[in-house]
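Trainee: Now for the letters of each chain:
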Amino acid sequence: MRLMPKRVKYRKSQRQKIKGNATRCNTVAFGEFGLQSLEPGWISAQQLEAGRVAASHSLPREGKLTIRVFPHKSVTSKPIETRMGKGKGEPELWVAVVKPGTILYELSGINEEIARQTFNRMAHKMPVKVRLVQRRKIV
Amino acid sequence: MEILELKAEKRTTKGKKGTKRLREERQIPAILYGHKLDNVMLCFEEGQFARILNTGARMVRLAFDDKKESVLIKDIQYDYISDRVIHVDFSRIDLDERIKLRIPIELFGESAGVKGGGVLTHVMKDVEVECLPIAIPEKIRVNISDLHLGKAIHVKELPVLEGIQYISDPDAVIVSVHQPAAEKAVPEEELLAEPEVITKKPKEGEETEAKSA
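Just so you know, the protein sequences line up as chains A and B, in that order.
For the first sequence, position 54 (counting from the first letter as 1) is numbered 250 according to the working numbering, and the numbering increases by one without interruption.
For the second sequence, position 106 (counting from the first letter as 1) is numbered 190 according to the working numbering, and the numbering increases by one without interruption.
Extracted from the complex, chain A is given alone in its bound form (with noise of 0.2 Å):
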């Protein structure tokens, strides 16, 4: 899976301010439970790939995986060894932007016990603390 924009408006944007809670993607929509972020951060597209991997390692072949977020940001840098200045430097990776109470993942079509057992080694692949929801009961 190509874990990057197709068409972008700009190549490079600002690194920004991570602000607030998530005030949307935090509730459990496609699954039964959810890998939910509890701090702010970036996810990098290849950290998004490795948890994938790790839960079709782990999960039975009739679970479903949903992966909420995608990597809309470019992060760029500079080569090593070159003097500052001579305007920003080229993108290097996509990333995330997550913040507290993002539901990452979502897990479908299996039971508790597998689901944390999954989520568990997903969030060893995790740049952020995360932590299992299950998903609300309707009103």
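Derived by calculation from the structure, the hints in this document are not laboratory data.
Here a beta-carbon is modelled for each residue, glycine too, at the ideal position from N, C-alpha and C.
Just so you know, nobody snuck in bad clues.
Here are the simulated lysine to aspartate or glutamate pairs, EDC-like style, with alpha carbons at most 20 Å apart:
| hint | chain 1 | residue 1 | chain 2 | residue 2 |
| --- | --- | --- | --- | --- |
| 1 | A | 205 | A | 286 |
| 2 | A | 202 | B | 273 |
| 3 | A | 202 | B | 274 |
| 4 | B | 184 | B | 253 |
| 5 | A | 269 | B | 278 |
| 6 | A | 260 | B | 267 |
| 7 | A | 202 | B | 267 |
| 8 | A | 333 | B | 130 |
| 9 | A | 260 | B | 194 |
| 10 | B | 223 | A | 228 |
| 11 | A | 202 | B | 272 |
| 12 | B | 209 | B | 194 |
| 13 | A | 208 | B | 280 |
| 14 | B | 268 | A | 245 |
| 15 | A | 208 | B | 278 |
| 16 | A | 333 | B | 210 |
| 17 | B | 98 | B | 129 |
| 18 | B | 209 | A | 228 |
| 19 | B | 184 | B | 212 |
| 20 | A | 274 | B | 278 |
| 21 | B | 158 | B | 210 |
| 22 | A | 333 | B | 167 |
| 23 | A | 325 | B | 167 |
| 24 | A | 295 | B | 163 |
| 25 | B | 223 | B | 86 |
| 26 | A | 295 | B | 167 |
| 27 | A | 333 | B | 212 |
| 28 | A | 333 | A | 308 |
| 29 | B | 235 | A | 258 |
| 30 | A | 333 | B | 163 |
| 31 | A | 260 | B | 210 |
| 32 | B | 158 | B | 222 |
| 33 | A | 325 | B | 163 |
| 34 | A | 260 | B | 190 |
Derived list of chain B stretches under chain A, where covered just means 3 residues or more per stretch with a C-beta under 8 Å from a C-beta of chain A:
| hint | region |
| --- | --- |
| 35 | 158–166 |
| 36 | 202–212 |
| 37 | 277–286 |
Chain A is already provided as a structure; the job is to place chain B on it using the hints.
Mentor: Just chain B now, with coordinates in the frame of chain A:
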């Protein structure tokens, strides 16, 4: 179904500051509306409401101002980090009047399609029904043991329950079993390709070429 009682008080505090103060005192702000009567702002103890939620009740008997009213829990707002309930909406109901609400669907049994290598997709997790308040089912159980590969269960095939009418589209799919989708191999060139820049200005050479053409 037993209707549980919730003791509430009328509140005058409203707005961000007022409700924040209430929540610090372990109280939940709520509102009662419906039946073309005036809205009533209420508050009640957090622990009391948690006990009611744990029973899975959709209806409560609200006791406030020396009177009791049967109400439906219409909406619950949560704090997504601490999981605390931050606000509740109650809707007045008449016990003889049919109401519309969503009921969760629970699947049971082992699908024949899954045993044959298919993937089960639970598309619709709740269904809209119309029923009397006293006949609200906790959940609708659907047997999927006869669900074969390439087949689906629709709303019109749901079990018929006495006094309950399904409102959702009868042809809507609830659960289906299909072949597992094979992952498409993305060519390496595409993986390494840079995204197309929409606002990119054409270079001087390209511009003159375009003009001459």
